[in-house]
Amino acid sequence: MATNAGGKHGGEHGGAGGHSPLEQFEIKELIPINIGGYDISFTNSSMVMVIAVLLVISLMTIGTRKRALVPGRWQSIAEMCFEFCANLLRDTVGTEGRKYFPFIFTLFMFILFGNMLGMVPYSFTFTSHIIVTFVMAMVVFTGVTILGFVKHGTHFFSFFVPPGVSLIMWPLMIPIEIISYLSRPISLAVRLFANMTAGHTMLKVFASFVPALGAAGIAPLAFATALTGLEVLIAFLQAYVFTVLTCLYISDAVHLH
Amino acid sequence: MRIGVELVAALIIGIGLGYLLDGWFGTMPLMSLLGFAFGAAAGFLNVYRVATGQGSTVGYRKPPEGDDKPGGNV
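As they're listed, the protein sequences go chains D and E. According to this note's numbering, the first sequence is numbered sequentially starting from 1. According to this note's numbering, the second sequence is numbered sequentially starting from 1.
Wrong hints could be hidden among the right ones.
With beta-carbon atoms standing in for the labels, derived distance ranges [as the list claims (entries may be wrong)]: (1) Gly23(E) / Ile146(D): 45 to 53 Å; (2) Pro29(E) / Ile31(D): 41 to 49 Å; (3) Val135(D) / Leu30(E): 27 to 35 Å.
Because the hints were derived from the structure by calculation, they are not lab data. Virtual Cβ for every residue (Gly too), placed ideally from N, Cα, C.
So that you can see chain D by itself, here it is in the shape it has in the complex (with noise of 0.2 Å):
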């Protein structure tokens, strides 16, 4: 590890010890396309999401094509993802719900399975980009909006006005709730993003201390393998309050107050 300090990658890699914990969250071009002036090159963050998806798509298919009644074990965890999120959109939404389910769905797993690839060694989280976090965000702020006005028409404005409150106190009230409505996106964004990537941090952080403190290195190791157990926890939960969140947005948007 040292002997890198001084050596020829030093500008590249940064960090004392040769690699810097924020090397993992780098984009690295596998097939670059340049459209346009615009380059949209296949990247290591696509190649994640094409994994993520076709393991998605092969998950349900696997485990959708005996269609036992008693399930087999790929049956057995395609039903309880169905299931799972089924339960969370009508706890949330209600039986109207049910319409949005193909897309809340898929929201899910594909969270869900981009976190999980991004615990694999040497893969790569692409929820771990704020940008990829803030266009999902974007898809379903623009879509529970959109949403809103078709159920509601211009109704939806007094979504911004709260009920009960007096005439004067509008013109302070109405841009202090568009304000905290448009951050919306913003908070399920960094949400998502700050706890990917810090927690990836953090465990490329203690991972380093490993071998740089020789034989006390169990004392980092042990911690190290603590909290993998954490992150999958984690990767878990904010792939279930992103879809909780957007499920909650769709509910206020379809029983307006």
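For this one, chain D is given, so just place chain E on it according to the hints.
Relative to chain D, chain E alone:
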């Protein structure tokens, strides 16, 4: 984690909107300052809603009684 993000997100939107309006109207510090104030207020409102278990709903709304609506403190 949740609380901090909510506060900062509302501030970013508030100041960003103010800055944008300043660029359009040429009233440089005015709208940004106003946006900062409104953003801070919206942030505190968000935090208040999360803390009182109203979830991330816009508008003052009492949580439905007897209905254990999840997502209050996620």
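Determine which of the earlier numbered hints do not hold for this structure and return their numbers in increasing order. 1
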